[in-house]
Amino acid sequence: MGIKHFFSRRKSREIAKDRLKILLISDRVNCSPEMMEMIKTDIAKVISKYMKIDTQSMEIQISKTGIKGHDSKTPTLYANIPILDLHNK
Amino acid sequence: MSEVIVVTSGKGGVGKTTTSANVGTGLAAMGKKVVLIDTDIGLRNLDVVMGLENRIVYNLVDVVENKCRIKQALIKDKRHQSLYLMPSAQTKDKSAVSPEQMVRMIGQLREQFDYIILDCPAGIEQGFKNAIAGADRALVVTTPEVSAIRDADRIIGLLEANEFKQIDLVINRLRYDMVKRGEMMSASDVVDILSIPLIGIVPDDENVVISTNQGEPLVGNNTMAGRAYQNICYRVAGREIPFIEFDKSVSFWTRVSGIFHKN
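Residue numbers (my numbering), protein chains in the order written: chain C, 1 to 89; chain G, 1001 to 1263.
Excised from the complex, chain C in its bound form (with noise of 0.2 Å):
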């Protein structure tokens, strides 16, 4: 890592990786990466009327394998936001 990857290209296999996980993503629901984009954009702003969170590092994903207890086969909308400061306002 550090320096020497810094100046390598990025590899095929990263790409790939990269490149599934947002197709996938739209092939699941049957919505587009710019939607997924659009929902990521709300959440943000919704959530960021309460608390300090980091927009940058925020992941959402919608995933088939569901939750403990819940049919499997429900797709489930996971959000992943850093929360930078609680008591923000």
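Honestly, the hints are just simulated from the structure, not real lab data. Check before you lean on any hint, since a few could be wrong.
Unchecked claim - For lysine-lysine, the following DSS-like pairs were computed, each having C-alpha atoms within a straight-line distance of at most 25 Å: (1) K21/C x K1033/G; (2) K40/C x K17/C; (3) K1011/G x K21/C; (4) K1180/G x K17/C; (5) K1033/G x K11/C; (6) K17/C x K1011/G.
Got chain C; can you put chain G on it based on the hints?
Okay, now just chain G, sitting in the frame of chain C:
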């Protein structure tokens, strides 16, 4: 109790037929009674991979249309007593068979066989629906490529929607040297993305081409792919087999070549 396994992938050319042939042959070599069914109507190939193309008299469509009895359409394998092939029709198209007819035929085959293996055509249309109709479980074949994985994901979704209880993943044509260079997704990358249980990793091996040329499945012989398919057969039958690390042999040769390259 018999088990009906569909071998599917979505994308064409990833190794469904090769996997069907090798898993069927491997299970038969373990003493199981196995029938391989080619469900790719209009583009049959399993007969050629098995080297049985010259023995076809009747086919799947003849059976469904009651032009012959099931027994007449079954071709006995060259080497394994307990292995049979039900060839597909080459002249008809996929609408010649319906899912209901497949379920009925498989019901009859269940009485005689331990394993019924269905080689599914590419795509998600009629042929796919026919192939999965009577199956209990699925082997999803993919290669570590974006297009194949995307299609596999779609297929897994459709299988889940059809209430398949057991869906296992076969990763075909993995090149450990490329994974090592960071230019190919590793088996665990693929498993992470598709999130279904892994049942086998088949390395990219030129012996697969050689065995297809000869019309003799390579399962069980001492090639990398042959050993990988053997392990898949054991796992299909319920044995727990650790995954072989082909990586070790690669790193050995990398080390040897490293002596000369001095990098």
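Need the list of violated hint numbers for this structure, in ascending order. As far as the earlier hints go, 1 and 5 are violated by this structure, in ascending order.
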